[in-house]
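Chemist: As a plain string of letters, each chain reads:
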Amino acid sequence: MKFVLKIFKSVKPNFEEGGKFKTFLPLYEAMENFCFAPSTTTQLAPFARDPLDVKRFMTMVIIALVPALAMSYYFFGARLIAMIIVSYAAGGMVEVLFACVRKEPIAEGFLVTGMLFPMILPPTLPLPILAIGVIFGVLIGKELFGGTGRNVFNPAIVGRCFLALAYPKAMSGNFTTAGTEIPGRMLEYIHAGNAAAHDAISTATPLVLAKQGEMVNTVDMLIGNTSGSISETSAIAIILGGVFLLLTRIANWRTVVSILAAAFVTAAVIYNTDTTRFAPPMWHMCAGGLLFGAFFMATDPVSSPITNAGKWIYGIMIGVVTMLIRNFTGYVEGVMFAILLGNIIAPILDEIVFKIRIGRLKSEG
Amino acid sequence: MKFKGGYNVLLQGRPGHSVDVMLEPKVLYLPLRTDRFNFSDICVEDGQQVNMGDTLATDPGNYSIPLLAPRTGKARLNAAQGHIVLEDITRYDKQPKTSQASLPHIEHEAGASTANRDKMVSLGSWEFVSDAYDGKVPDPKGTPQAIIVSTISLEPFVARGDIQLQNRLLKFTRGLEHLQSFLEYQPIYLIMPKVKSTFSSRVKEHVRGYAWVKIIEVPLKYPNDNFGILARGLGLKNADGPVWCLKTEGVLAVDRALTIAHPSLVRIVSVGGPEAKNPIHIKVMTGYPINSIVERYAAGENVRVIDGGMLTGKTAGDQALGISSECRGLTLMTEHTEREFLGFVRPGFGRKSYAPCFLSALRVKFKERLTTAIFGEERPCVDCNFCEEVCPAGIMPHLLHKYLYADLIEEAIDARVDLCVKCGLCSYVCPSKIELREQFALAQDQIEREKEETRLDEIKQEKRRMAEEARREKAEQEAQENE
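Each protein sequence line maps, in turn, to chains A and B. Quick note on the working numbering: the first sequence kicks off at 1 and runs consecutively. Quick note on the working numbering: the second sequence kicks off at 366 and runs consecutively.
Please note: incorrect hints may appear among the correct ones.
Stated by the list, open to error - Cut-off 30 Å, straight-line C-alpha distance, at most; resulting in silico cross-link-like pairs (DSS-like, lysine-lysine):
hint : chain 1 : residue 1 : chain 2 : residue 2
1    : A       : Lys362    : B       : Lys561
2    : B       : Lys586    : A       : Lys362
3    : A       : Lys362    : B       : Lys816
4    : B       : Lys732    : B       : Lys561
As the list claims (entries may be wrong) - Output of the computed footprint for chain A on chain B, the stretches with three or more beta carbons under 8 Å from beta carbons of chain A:
hint : stretch
5    : 380-391
6    : 433-444
7    : 548-556
8    : 705-713
9    : 830-836
What the hints assert, rightly or not - Part of the chain A face toward chain B, derived, beta carbon under 8 Å:
hint : residue
10   : Thr40
11   : Phe47
12   : Leu187
13   : Tyr189
If you are wondering where the hints come from, they were derived from the structure by calculation, not from laboratory data. Where is the CB? At the ideal position from N, CA and C, for every residue including glycine.
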């Protein structure tokens, strides 16, 4: 790989002070450090550092998403790839633009946002709308707050929320049925125009059907053989990737456990008040975006509370609010709003825990 | 006793059990500045011949702790900057002889305890004592609220206590007795590893008879041997007076000074780390040229020499020529030069991380070959909370970092930045590669300085007030006299 390094070295002067493209120095640096680990060495104690860096940190999330991605590719076809490419391109543009203007290095957080965003959208959502969504999410949800590490909200959720409010029809009418034949839809490219030809009719998601009194089989939802946002349908794949994320300790188990437990308990309580009107708790666990939100969205370290106590309360709140929205409001799915609400109160929760802990520390020593 | 946080960094090259005796070098380089000391008061002239154990310089800021000549030789003051160079001369006096001139206070008609304290200072064993809270040298005249003696060193890599104790157990217990003579009813806490070994049971047997020695067993997890952590864990409050802290070598030095009135001039230091050919302990005298040690033990050319352990030491740069009187070990690290292609997606089978994000998590314990690489660029904090998890002091490094980043020093004081023991673990685990340890150290320094300034200001104001008062009184007197 020496020759790649040579190429980098030969074009570097263009990006340095006085070069033609000196505004794009952050882009160059990001590319170089993406390919080659930086050569910087420790100048201060400790003299060796843990090999985990933010790039690896974010890569682990991508790896954890692979099972869910594979399942969605199987069920919804090759369009997923186009959506991911558009998402990375449009969002990356905003990221690079802000980095160049701010003269700050490009942060790796977008690697995850760009991947997560298309995964929570309807499978045949028009690509321009997707691009608008990701641009809005990155711009408003992250860059205006100062970039990765300083954002209050999860940018992917902000983008999706924007789309849900701005394009309600596109966001609710594009849920196609999943491929049920053995090869799935792996070789098909289904968009809104040719969906009918591929026998992929837009249908309601399980949560919508439930409101109409039609229950989708829990086993189908476990495998992912239903309609819904691209990667939220297959519970097994999400759990597989999510557990991996918990084992690598990138996502905190407290958030996940508290969300799922709170959602389960709330759903059970609601179910027992009227078993004919409400869905059973196990069904709720597999339906919609609850699992995906719990494992991949709510656990975003930046927008979730940093303290452990804060994480418990945050998780409980998301779980309870999700179930309340699902069962008692006009919206069929509440995960998105619940997580946004959680993001809002996360700093307050942290502040309270900090206060208590500082008070305790003060009395010591 | 309960411990928070902590993490054992697996680093290759743990020094073994054997102790190598180094050949006596032609020239010794005695550094005039060490971590805690600044030997600015030089007692010898250029070219003067000195005996083994003579005082070469003292530190006026630290109770006149002396820098002793480790052997006879000719002192050169200007040969190397910041060092006293001791050239070898034909030995005319093999016996370590502490000249009477360097020990004037012993002749004083003071109590036995005071004489012993003076002896400890002038024979160079007081420098082994530190205060638990600020790490500085405590006042030798004071009485501590407790003494903590630690036999373990957990940082990779500094000289291990059990190595130093080999064949010296009797001296060690005698040293403890000497220390006890400075106390009235205060206890001595003896920190022992929480492992069953024949050696530790032997030590326990030896001190069983001493009611004033309280054995504390500590799990072997860095930095449980840190005196600040231990003092807090034992419930000793800063306000109740100093806590004297000694390591094994300190107790042995006290014994040597008070039993046979000899200075401790030879020390055992470790030579370890991934780049050490044969990780080992060596017996050297202060001022031993670092270069010749490195030449002998370094495996390759590409080596960074660290004075002290990997987590809290400091680079022994070109300025440091000889082993300082505070050195506890040399860590030889491989200097990182190679740039890894797509390093962040590699499986990392040989790469141990705090969060199990590499394939190595599936392996049983192994020694990692860490280099001086930072492994990434500095990024804003991503709130992963790893720093808080490993923090042994129970503070919140991420919060402190945000306060200090925004220059909120008052808030940082409230959040107890002063409790940081600078173990370096937060900086080690941080995926965003933020220099947390350095930031906290700087903040602590700043707070200390500001405190000092306000104190000086108060003194100044007090003086002015007194002068004012005196003048007024004088004027009144004069007025009275005039009447």
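Chemist: I'd like to know which numbered hints this structure contradicts. Please list them from smallest to largest.
Modeler: Hints 1, 5, 6, 7, 9, 12, 13 not satisfied by this model.
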